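Residue numbers are given in this note's numbering: position 33 of the sequence shown equals residue 469, and the series is strictly consecutive.
Please keep in mind that the hints were generated in silico from the structure rather than gathered at the bench.
Keep in mind that this is a model prediction, so the values were computed, not measured.
Quick reminder that beta carbons are idealized off the backbone N, C-alpha and C, glycines included.
Hints are all accurate, no fakes.
Per label pair, the in silico range of CB-to-CB distance:
hint : residue 1 : residue 2 : range
1    : Asp632    : Trp548    : 17 to 27 angstroms
2    : Trp602    : Gln517    : 39 to 49 angstroms
3    : Ala503    : Ala456    : 21 to 31 angstroms
Straight line, CA to CA, 20 angstroms or less: simulated EDC-like cross-link-like pairs of lysine to aspartate or glutamate:
hint : residue 1 : residue 2
4    : Lys496    : Asp575
5    : Lys496    : Glu551
6    : Lys496    : Glu545
7    : Lys496    : Asp461
8    : Lys496    : Glu478
9    : Lys496    : Glu546
10   : Lys496    : Asp438
11   : Lys496    : Asp440
12   : Lys496    : Glu627
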Amino acid sequence: MDGDVAPLRELAAVCRRRDAWLMVDDAHGFGVLGASGRGSLEAAGLTASDVPILMCTLGKAFGVFGAFVAGSETLIETLIQRGRSYIYTTALPPALAAAARAALAVQTEEAWRRERVLAHAARFRAAATALGFELLPSDTPIQPIVTGNETAALAASEALLAEGLWVPAIRPPTVPSGRSRLRVTLSAAHEDADVDRLLAALATRFPRGLHS
Numbered sequence: 437m438d439g440d441v442a443p444l445r446e447l448a449a450v451c452r453r454r455d456a457w458l459m460v461d462d463a464h465g466f467g468v469l470g471a472s473g474r475g476s477l478e479a480a481g482l483t484a485s486d487v488p489i490l491m492c493t494l495g496k497a498f499g500v501f502g503a504f505v506a507g508s509e510t511l512i513e514t515l516i517q518r519g520r521s522y523i524y525t526t527a528l529p530p531a532l533a534a535a536a537r538a539a540l541a542v543q544t545e546e547a548w549r550r551e552r553v554l555a556h557a558a559r560f561r562a563a564a565t566a567l568g569f570e571l572l573p574s575d576t577p578i579q580p581i582v583t584g585n586e587t588a589a590l591a592a593s594e595a596l597l598a599e600g601l602w603v604p605a606i607r608p609p610t611v612p613s614g615r616s617r618l619r620v621t622l623s624a625a626h627e628d629a630d631v632d633r634l635l636a637a638l639a640t641r642f643p644r645g646l647h648s
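With the hints as constraints, model all of the structure from the sequences given.
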């Protein structure tokens, strides 16, 4: 929710000591994090032996639909034979499978997209911090701005929507009480001008910041 990164190396070390399996749901990291965009495991320098179960969605960075689980042959066969949600779920249409393969090719061959969205995040973060907004720790395309109470979050979201900017308000129970926030999500499709437009709207609408 906050764009932060789990301490995967530390978690993997604990699992090794306890003879436990570590499962990672890399919904937002896959396609963005790591030297080649392979996700949180690549960024943390971990392998399949460190993380026996990896789950990733195709509906975030890849822009399509569906998800996958990666693991040992025994694990996958067990899920196929015993996973009720898998057994009773209709398979993805072939067109979506083809779209996912095309998205994978784009992600592999066009690293500039990943570099661009991360540059947007750094640009936004530096400027928003300089304007006095409270951001949560995140170097990813998700940049939360803390507002405090949910009324302030909703009002800020509606004010930005009036400016043609969609920045959803995140409220309890999704986040702790008193820690509502705006959730800025950047993409490679954005231009520098889009980031600057959001920053200008924040500065104009909320010259004293958002925290209540």
